[in-house]
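Chains as they are written, first to last, in UniProt numbering: chain W, 1 to 660; chain P, 1 to 660; chain Z, 1 to 660.
Keep in mind the hints are simulated off the structure, nothing from the lab.
Here a beta-carbon is modelled for each residue, glycine too, at the ideal position from N, C-alpha and C.
Treat the hints with care, since some could be wrong.
[What the hints assert, rightly or not] Label-pair distances were calculated between CB atoms; the ranges are: (1) 147(Z) - 86(P): 27 to 35 Å; (2) 518(P) - 147(Z): 43 to 51 Å; (3) 374(Z) - 605(P): 27 to 35 Å; (4) 473(Z) - 526(P): 31 to 39 Å; (5) 165(W) - 166(P): 46 to 54 Å; (6) 59(P) - 425(W): 27 to 35 Å; (7) 473(W) - 15(P): 50 to 58 Å; (8) 115(W) - 154(Z): 43 to 51 Å; (9) 559(P) - 617(Z): 39 to 47 Å; (10) 165(W) - 526(P): 30 to 38 Å; (11) 650(W) - 589(Z): 33 to 41 Å; (12) 383(Z) - 502(P): 53 to 61 Å; (13) 635(P) - 569(W): 37 to 45 Å.
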Amino acid sequence: MHLGVCYYPEHWPQSMWEDDARRMKALGIARVRIAEFAWSRIEPSPGEFDWAWLDRAVDTLGRAGLEIVMCTPTATPPKWLIDKHPDILPVGADGRPRVFGSRRHYDFSSPSYFEAARRICTAVAARYGRHPAVAFWQTDNEYGCHQTVVSYSSAAVARFRDWLRARYGSIDALNRAWGTVFWSMEYRDFDEIDAPVATVTEAHPSHRLDYRRFASDELARFNRMQVEIIREHSPGRPVAHNFMQLFTEFDHYKVAADLDIAAWDSYPLGALEELWFDPAVKSRWLRTGHPDFASFNHDVYRGMSKLPFWVMEQQPGPVNWAHWNPSPLPGMVRLWSWEAFAHGAGCVSYFRWRQAPFAQEQMHAGLNTPDNRLDIGGTEASRVADEVKALLEAQKGATADVRGQAALVYDYTAKWLFEVHPQGADFHYPRFAFEYYSALRSLGLDVDIVSADAPLDGYRMIVVPPLPIVPPDFAARLARSGAQIVIGPRTGSKTVDLQIPPNLPPGVLADALSLRVWRVESLRPNVTPAVREKDAGEDSRIGQSRHWRDLVELADGARHDVRAVFEDDHPAYVRCGAFHYFASVFDEALTTRWFSEIAAAAGLSVTPLADGVRVSRRGGLTYVFNYGDRPHSIEGVDASAFVLGTGEVEPRGVSIYRTA
Amino acid sequence: MHLGVCYYPEHWPQSMWEDDARRMKALGIARVRIAEFAWSRIEPSPGEFDWAWLDRAVDTLGRAGLEIVMCTPTATPPKWLIDKHPDILPVGADGRPRVFGSRRHYDFSSPSYFEAARRICTAVAARYGRHPAVAFWQTDNEYGCHQTVVSYSSAAVARFRDWLRARYGSIDALNRAWGTVFWSMEYRDFDEIDAPVATVTEAHPSHRLDYRRFASDELARFNRMQVEIIREHSPGRPVAHNFMQLFTEFDHYKVAADLDIAAWDSYPLGALEELWFDPAVKSRWLRTGHPDFASFNHDVYRGMSKLPFWVMEQQPGPVNWAHWNPSPLPGMVRLWSWEAFAHGAGCVSYFRWRQAPFAQEQMHAGLNTPDNRLDIGGTEASRVADEVKALLEAQKGATADVRGQAALVYDYTAKWLFEVHPQGADFHYPRFAFEYYSALRSLGLDVDIVSADAPLDGYRMIVVPPLPIVPPDFAARLARSGAQIVIGPRTGSKTVDLQIPPNLPPGVLADALSLRVWRVESLRPNVTPAVREKDAGEDSRIGQSRHWRDLVELADGARHDVRAVFEDDHPAYVRCGAFHYFASVFDEALTTRWFSEIAAAAGLSVTPLADGVRVSRRGGLTYVFNYGDRPHSIEGVDASAFVLGTGEVEPRGVSIYRTA
Amino acid sequence: MHLGVCYYPEHWPQSMWEDDARRMKALGIARVRIAEFAWSRIEPSPGEFDWAWLDRAVDTLGRAGLEIVMCTPTATPPKWLIDKHPDILPVGADGRPRVFGSRRHYDFSSPSYFEAARRICTAVAARYGRHPAVAFWQTDNEYGCHQTVVSYSSAAVARFRDWLRARYGSIDALNRAWGTVFWSMEYRDFDEIDAPVATVTEAHPSHRLDYRRFASDELARFNRMQVEIIREHSPGRPVAHNFMQLFTEFDHYKVAADLDIAAWDSYPLGALEELWFDPAVKSRWLRTGHPDFASFNHDVYRGMSKLPFWVMEQQPGPVNWAHWNPSPLPGMVRLWSWEAFAHGAGCVSYFRWRQAPFAQEQMHAGLNTPDNRLDIGGTEASRVADEVKALLEAQKGATADVRGQAALVYDYTAKWLFEVHPQGADFHYPRFAFEYYSALRSLGLDVDIVSADAPLDGYRMIVVPPLPIVPPDFAARLARSGAQIVIGPRTGSKTVDLQIPPNLPPGVLADALSLRVWRVESLRPNVTPAVREKDAGEDSRIGQSRHWRDLVELADGARHDVRAVFEDDHPAYVRCGAFHYFASVFDEALTTRWFSEIAAAAGLSVTPLADGVRVSRRGGLTYVFNYGDRPHSIEGVDASAFVLGTGEVEPRGVSIYRTA
């Protein structure tokens, strides 16, 4: 339970640094991240390094007792490098280079850039790797931001061909795996294959999916190169990367496997505005963020982090990058901070120390205003620091890792697959995963978010949002877990090559579920077939289906319990032993109701929570958060149990009590 | 009345072919279309032909007693050909080639491709032209799909200049015809003229319209080349092309003139989703399609087909290419099949025999599921086969061609003209033509859809949706027909060169209508001026106008009957002898009411039909179709008259009775 | 108070010219604009001039007693020139040239075009500069139309680098001014700087703003070159340019400073359809235009014109270029004409004499229809001519320039700044300026629209819509004016380099307002925080805020009057002496109410006007316009005072009376 801050000494006169460091420390901040955009100051001209300023900054911060998170500056290659190697620039779907003038203007597949990145990383790691104040590292910054995972450069295509060679071995194998005989798309050699872009109509979906996999692998390789350099020059310092909230364009599990710490950047208000939520929801949680959004990400990144995960950047006030940027309500910076700790965060680091008065992010708040006065966010951070201190004195082990009650299986390939091969225009995987998660959380359950390859033993309930490609041993691991298992629609609907399984969906889950999806349909937004209990009258609707329907045929003689049907009598929800098959996406109330019943069947204690109230349990403590507008009373907890707050949780308030 | 199926032997193991053929035949299928995407298997490498597999497929199908529709494979040139001749690729409006990786990646104006297409067509036609099992031919596949009629390549521009030379003779004539003096757009030579694209603001409308005409002519030339080759090598076998539903990007009359059979591909659900219909309508007919949509296309293609038209591809279940893809209701595949026959179809061919598990269309249903079980569509096709057999035994001449009661004049240039020169953003020609058609059909009328150059004698009622360019002899032919004639707004509003006629609209119809359109206005969607009967009070509104108003001045002394006026007293509907002039697009109810009155005046028997019920008469039979949700009772027909079904037509049902 | 018309002799047979000229004169038209698109006729081939036809046209019009407005033809360079110098073409944001085939296909920074323009301007000016019939000049036509101010050509980038050199002196100064250290965007040389386009995410806002300033300066330089040539060859003839309605892409003040007459092209119906108004407003004023739209532009251009401003093109009927193009109600062409004179117009010139039957604008009405009959617009123009004549005989000095009661500060850089750096997606500067203006006008006030650098003495009330960059002496000039001053949100929020001021907003206005904006937030459209009077209960809302909130901290000890607060108690409207600070954009009713109170405090007489009624005072006359649907009675004016119309103003009517 540490606090940190992001700091840019290069943005401010050196005369301010010492005071800044002192004030950070006084505020209760322990860690400070620096230098991730400083390449042009570290190496102002080719090969001419200017270490003096950064040495001084590191020393100043270190002397103040701050632990430094040193970054590699590869997210922003300087102009002279681009001019020297224009092939560094990524190429967009329109075939044009994406040029210098903002950030992330590099191609993960560019050999020139790979070499240049290796060189600058080595220089920085060699210089500071053993500096006593340098305690952690961050590679690059927000991989993939601004749609930079995929590039259509000739360098990328050349490496893609090699990637395909390695994956398929022979061109015949590729032709078979993809099914290129369709529309005479057959290749005679890997070198005939281009990027799946600019085609007359949609490119081949297997081709597109492989290009996404390839791009994700390229990114992981680039990160791995950096991690290896840091490990060599800075032994013993954990290496982190700051992932982005609900970002799905590369396989985070693969990148995190090379890191010590999976960190993420938490901007609950910007996310609410930019993501799929409808206008009423955006208005409802305008200045708090959605009550499950930060939690969801905490649980995603905790699941893949070897050391306790971090929030590397925490929103401290309004941001600049959403279409509209409201101001968080007083108390929210504190609430978000505590919520991170409640989910096991090792550090919450605010972005940024002081709002910059210039450039693209000049409207992004900091803990201090540009005129260097402490802003609300700063005040709240200070309060959190004091509270953490008090709590840690009163209580040991608060950050201990515990297994959640329920697991949610979360997958990146699923997102890409439904994007390259949607069948229904609004089949948005992260949304559905989030909705399942939110339903679980609204029932008061703690959730672990895990990959489909993760061990599943020990969970009482496992929820699988639509997972088109299922690992071969998935059914066995699910069955062995002993949990109640919810399987979303479209699960098992594709082979690893993006073909329909020979036995039709749910493919390798067919035996476990004893059913066959003989037909599917996608539904436009104004079509939401009613769901009713089986054998009940037509007017006994219990909810609505949305987006999609799997039409299932139950295997003869299997022990099914058809729990609900659609208005045309097709099964909507089928139980088969511990497996609960959802043949559609259902409305929020119905999903929550069924999850509640299934959780009960799993022996989990379910507590439907008031609107905006959320609960987390960790290390012998129960954390209660109130995102809502009304005070919330915690029932049945003795006053003496509270280590923070009381049984009355004010709007935007936090209470923590010892769990009996 | 034959059934067919589309089959891709190259997608399946040879071991399945014989069984497939046997089951087709057993199901009642007589014809099988093959090979339209098989170029990469026929010629895997340049000049190396592999006929063995196709020979075997043809033999296998032929031995089973199936008639083969052999296709030229030019819709999907293989990769090696593109790599050899990159100038084959069409060029988009953005100036970039549209590349290999899906289909239709060729430019109709590419000399390289014209030659390559000639070569492969000759090879296929020479190989199978006289094979006893090959009974029909199809050229290419769905010309123009994916916006491939128009290309902006240098090859296209070069041929466009020649096309202009041929059309105008001299550059002065072109300058005058277009009116290039406006904005100093004058040319000194045909070779100065580029494609009308990438201009600062809208390019010259006459230039744009001519480019569309040119592109349409290029396509027709390409098809004609193929037809000539087939005719030479395969005498006596009818040649078809499978046009697309409501596709308007080239002049289908011109292409059909070179064919024996105009076929079309019928996907009523996908069309409903993708076309202009509003969300409530899309929801209303979600799983049936719009009751007039297939009919409209049947009537379009029957009108241009020398032999009975075909449905070359019939939707057998959900498709994959619409934004949302619902499942047809049980019974719809049968209903659609019968409706095609009711409109005179010679063959209904389902797409496809078995759903493919791979590539872009893996979610497109077939008569069989990918695991090779008969799907609903297959069952219904089988039922249709049985019913047809029974009907044909009971009844001869069911497919006899008959003239409809009403004619609707349908034009392709009109669509292009309103697109390049809209004046109102939503003036959507096919929509208005369809709405007129739908109004006629809802009154129980049989409709022929004809070109503006077609003979018009014999019709009792002729409806002309907005027809900006009117043939010189049109007024005379209309008058001579003896019919009641409805003239839509904007008719006669342009000369052949896209200028305003010297006498203003309706141009060459001015004498017939005795009026002059002195001003027009286009109306945004939330502006719908009321219409009322002339001299009636302001509160006597009978309907609404939409999209457009022609403000007309009646010629002095003419014998007009102003049947209705707009709220500001301008004439809305003017009768002048047998001519009925509509000065706007009216709401559905008002259009239907006036069509009903005009039909009555024409001596036609009008029967307003229940919601979703449609009737067709052909060959002494009356066909009744029920797209609706409620059973429909046919009144006044003796039970003994029914040759299919009864007087009670269930939802999605069909009944056929002998017409007294 | 003169009438004019736009005429294209090159579009019509010479045989019509004399009759056209005679009829113009007979209609009461005094001035005729010609030749702005005639380059291809003046110089049909390189260097071969054909003056004969234009000599004849000029002579014919002159002989009829018409004063000619001669134009330079640079808006439409001919094809041969483009083929000779393809670098003339502007380059779009997509990197592609914007090609020949419409108009304005030239780059203001192209050296080739600058030279070609100089040559043709010299030729035309030398030929006609001293012709007795040539009384005025117009440079080019509608600078910037079709988004042609900014080009991304290499020529533009080269000149941009020089422009930056001149502005900043050294690259270090630029790096500091922009703050390029952020994201390592530092430059080592001006020649490293490219256009701010095609970057991975948003380009640097200071870079973008400077590119807009540069582009604006380039345009002004191009115009200045033309003006200088004309002045040399045609001494004594005023030079005009026809600006566009509410066009903001270049700094009109700078261009107007080089002209004698600022003219604008008035198309009230097209503007209503294309601008930000919501559908209900578009429907409400469909055939009249918004009652404040033409006024707003009159006041904008009057403010920057040395001689009385002109309406160079007045809409005479439906136009062709909006998404929908309705027909003006009878009377509107007359009303618009009189409204221009009421605002001080020297001339109202109709576009165009006769509707052309060909090319892009064939659906644009003229005073005559294409078949050469006088249209409604022509009839109304004729009536205006008669009325003006009668008025001028009765009254002298009607066009005298007078100072308005209120000033509205209007700025072009503000528009660009909020566009390159919005912070809220819908912060649309011209809309907010227009809404302030409209509120003032609805209170019956006459308004001058002035630049932030204009003298402000003599106004009773000054309204400043959001003005991010405030001139250094602005506070002093405001204070010295003695007026009541309304300051909109975001005013003073940026330095000239687009940085946050060191003292935070309102920057240099901080002393005058005694407050500090410590935080801001932008609000999505469905979030409109309530406003209430301070210390009033929560249910006492008086209105709503929209789009934006400045959260302000009041300086200790200052004499503030917090007039209203937001629902969360932050100040919404703060008065500080004569300064009234609006911390948000408020709804129309609340804005109007507060403007009314402030105007009263300023000693202005306020008269809330009926819906659609507007009043202007000029030269001892009061003009009353009725855009509404109901007759309007003018109270308390003696019948003898009316010089046009009466005290009953019919819908679309105009009355003018002598002001007591």
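Each hint tested on the structure:
| no. | hint | result |
| --- | --- | --- |
| 1 | 147(Z) - 86(P): 27 to 35 Å | holds (33 Å) |
| 2 | 518(P) - 147(Z): 43 to 51 Å | violated (34 Å) |
| 3 | 374(Z) - 605(P): 27 to 35 Å | violated (49 Å) |
| 4 | 473(Z) - 526(P): 31 to 39 Å | violated (48 Å) |
| 5 | 165(W) - 166(P): 46 to 54 Å | holds (52 Å) |
| 6 | 59(P) - 425(W): 27 to 35 Å | violated (43 Å) |
| 7 | 473(W) - 15(P): 50 to 58 Å | violated (31 Å) |
| 8 | 115(W) - 154(Z): 43 to 51 Å | violated (30 Å) |
| 9 | 559(P) - 617(Z): 39 to 47 Å | violated (55 Å) |
| 10 | 165(W) - 526(P): 30 to 38 Å | violated (59 Å) |
| 11 | 650(W) - 589(Z): 33 to 41 Å | holds (35 Å) |
| 12 | 383(Z) - 502(P): 53 to 61 Å | violated (29 Å) |
| 13 | 635(P) - 569(W): 37 to 45 Å | violated (32 Å) |
Going down the numbered hints, you'll see the structure goes against 2, 3, 4, 6, 7, 8, 9, 10, 12, 13, while the others check out.
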